[in-house]
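Guided by the hints, dock chain B onto chain G, whose structure is given.
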Amino acid sequence: MSLVFAGACSHAPGITGRAHLAEAGVRDAFHAEFRGMGEALAAAKPDALVVIAAEHFANFFMNNMPAYAMGMADHYEGPIEDPGWLGIARTRVPGNADLSLRLVRGVMQDVDLAYAEEWKFDHGIMVPLHFLTPKFDLPVVPVNINCQGPPLTPLHRAWAFGEALRRACEAVPERIALVSTGGISHWPATPDSGKINEPWDREFLDRWSRQDKAGMLSYSDEATYRDAGQGGFEIRTFIATAAAARGRGEVRFYAPIPIFSVGCTVALMAIE
Amino acid sequence: MSLYAAQKLLYHLNREPAVQASFREAREQVLAGYELSDEEREAFVAGDVGKLYVLGANGQLLMHFAALLGMPWADYIEAMREGVRRHGPVRAGIYAMTTSTDEKVAGV
Chain G
893 MSLVFAGACS HAPGITGRAH LAEAGVRDAF HAEFRGMGEA LAAAKPDALV VIAAEHFANF
953 FMNNMPAYAM GMADHYEGPI EDPGWLGIAR TRVPGNADLS LRLVRGVMQD VDLAYAEEWK
1013 FDHGIMVPLH FLTPKFDLPV VPVNINCQGP PLTPLHRAWA FGEALRRACE AVPERIALVS
1073 TGGISHWPAT PDSGKINEPW DREFLDRWSR QDKAGMLSYS DEATYRDAGQ GGFEIRTFIA
1133 TAAAARGRGE VRFYAPIPIF SVGCTVALMA IE
Chain B
22 MSLYAAQKLL YHLNREPAVQ ASFREAREQV LAGYELSDEE REAFVAGDVG KLYVLGANGQ
82 LLMHFAALLG MPWADYIEAM REGVRRHGPV RAGIYAMTTS TDEKVAGV
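Sequence order for the protein chains is G and B.
Residue numbering for the first sequence follows our numbering, starting at 893 and increasing by one per position.
Residue numbering for the second sequence follows our numbering, starting at 22 and increasing by one per position.
With the rest of the complex left out, here is chain G (with noise of 0.2 angstroms):
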């Protein structure tokens, strides 16, 4: 069937954690847009979701780091984190191991990776299903890009990524929606958490939102990381969809909320 959604979100621990540290009206206003993404996915009547996310050592170490990773497993479960902490109880989550392998087949013919018949979820992936599938009941397809333990898997390659990701997508009769989540400009897990640079962010929305892959594709990780923080890396995940929606994007909600660490961001991409 191919691909029938794409989208981008954001997935910092806060937006659950620490809701109630948020001034409300934006606060509420980022969880109802993230919520309507949700309704637009259920609406597209997917068999499946694929997440491609940025974890945080939840499964992969620098004693055997995967560029690309993705799960092959009838279930997850998750959050590793302490579920008070991060406002999610742990809970299981479907998975479609034959579904996995077809579509773990189809990018193998493009790209190497690693693929894991285990997986627990931590923010990266728990936070968005919070509010896009809340009754965790859509199989879910993990897959990881490093975006945390250098060397990373440079831009274009995620780009190559995204690509051949569409192209398993296309040969497996499933209804697929796909979301990536990251960044965008971000310092989690330092004392700058909270410091955000909107005009980087609204900058690389744009060039997502009109396919400019080159722009998308111009950022050295010397500049991101001065510029966007460690957090910035996490455009892996965004670039990966855009290459494989390969539509216009559209920013349904971007803003800075320092309490959450991260300029929250909601977006959905046509596909063509």
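There could be a bad hint or two in this list.
Below, a list of computed lysine to any residue pairs in the SDA-like style, where the Cα atoms sit at most 25 angstroms apart [to be verified]: (1) Lys-1012/G / Pro-38/B; (2) Lys-1012/G / Lys-125/B; (3) Lys-29/B / Arg-997/G; (4) Lys-29/B / Ala-914/G; (5) Lys-1027/G / Lys-29/B; (6) Lys-1012/G / Met-92/B; (7) Lys-1012/G / Leu-90/B; (8) Lys-125/B / Ala-914/G; (9) Lys-937/G / Ala-67/B; (10) Lys-125/B / Asp-1119/G; (11) Lys-1012/G / Arg-36/B; (12) Lys-29/B / Leu-1044/G; (13) Lys-125/B / Asp-920/G; (14) Lys-1012/G / Val-40/B; (15) Lys-29/B / Glu-969/G; (16) Lys-29/B / Pro-958/G; (17) Lys-29/B / Gln-1103/G; (18) Lys-29/B / Glu-1009/G; (19) Lys-29/B / Met-957/G; (20) Lys-29/B / Leu-1005/G; (21) Lys-1012/G / Gln-41/B; (22) Lys-125/B / Trp-1092/G; (23) Lys-1027/G / Leu-90/B; (24) Lys-1012/G / Glu-37/B; (25) Lys-29/B / Asp-1119/G; (26) Lys-29/B / Arg-982/G; (27) Lys-125/B / Leu-1044/G; (28) Lys-1012/G / Tyr-25/B; (29) Lys-125/B / Ala-1006/G; (30) Lys-125/B / Pro-93/B; (31) Lys-1105/G / Val-40/B; (32) Lys-1012/G / Leu-89/B; (33) Lys-1012/G / Tyr-55/B.
Derived by calculation from the structure, the hints in this document are not laboratory data.
Chain B only, in chain G's frame:
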């Protein structure tokens, strides 16, 4: 090399309930299984998040460890600032502090 071991301990602590239980009950015994420097070992014994931050622990690993210790968000952020006040700038990794120790970026 020892920073790698310190981070690996954090990784295991963050995702393995059995390691968490052992750490609560016999912390020194758990630490003996990792090739840590004296500074790292002392920081783990004391639960000194600020020192581990300065030593270069990846922030994503350290954030989950702070949550495991039950540290409220504001206390965790302040612990990292206090670490820099006491021990100087972050020595390794990609989680350096770019703001000042008296700046509360997000109000905490």
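Given hint Asp-1119/G paired with Lys-125/B - CA-CA distance at most 25 angstroms: holds, 19 angstroms
Holds or violated: Lys-29/B to Arg-997/G, with C-alpha atoms at most 25 angstroms apart: violated, 31 angstroms
Satisfaction of hint between Arg-982/G and Lys-29/B, Cα-Cα up to 25 angstroms: holds, 24 angstroms
Restraint status (C-alpha distance of Lys-1012/G to Gln-41/B at most 25 angstroms): Cα-Cα ~16 angstroms, so holds.
Agreement of Lys-1012/G and Val-40/B with the hint, judged by alpha carbon distance not exceeding 25 angstroms: holds, 16 angstroms
Satisfaction of hint between Leu-90/B and Lys-1012/G, Cα-Cα up to 25 angstroms: holds, 20 angstroms
Hinted pair Lys-29/B and Met-957/G, Cα distance within 25 angstroms: holds, 13 angstroms
Hint consistency between Lys-1012/G and Leu-89/B [alpha-carbon to alpha-carbon, up to 25 angstroms]: holds, 17 angstroms
Restraint check for Lys-1012/G with Arg-36/B, where alpha carbons must lie at most 25 angstroms apart: Holds: Lys-1012/G and Arg-36/B sit about 8 angstroms apart, inside 25 angstroms.
Distance restraint between Lys-125/B and Asp-920/G, which requires alpha-carbon spacing of 25 angstroms or less: holds, 24 angstroms
Satisfaction of hint between Glu-969/G and Lys-29/B, Cα-Cα up to 25 angstroms: This hinted pair holds, its Cα atoms lying about 21 angstroms apart.
25 angstroms limit on alpha-carbon distance, applied to hinted pair Lys-29/B and Ala-914/G: violated, 33 angstroms
Violation of the numbered hints given earlier is confined to hints 2, 3, 4, 5, 9, 17, 23, 25, 27, 29, 31; the remaining hints are satisfied by the structure.
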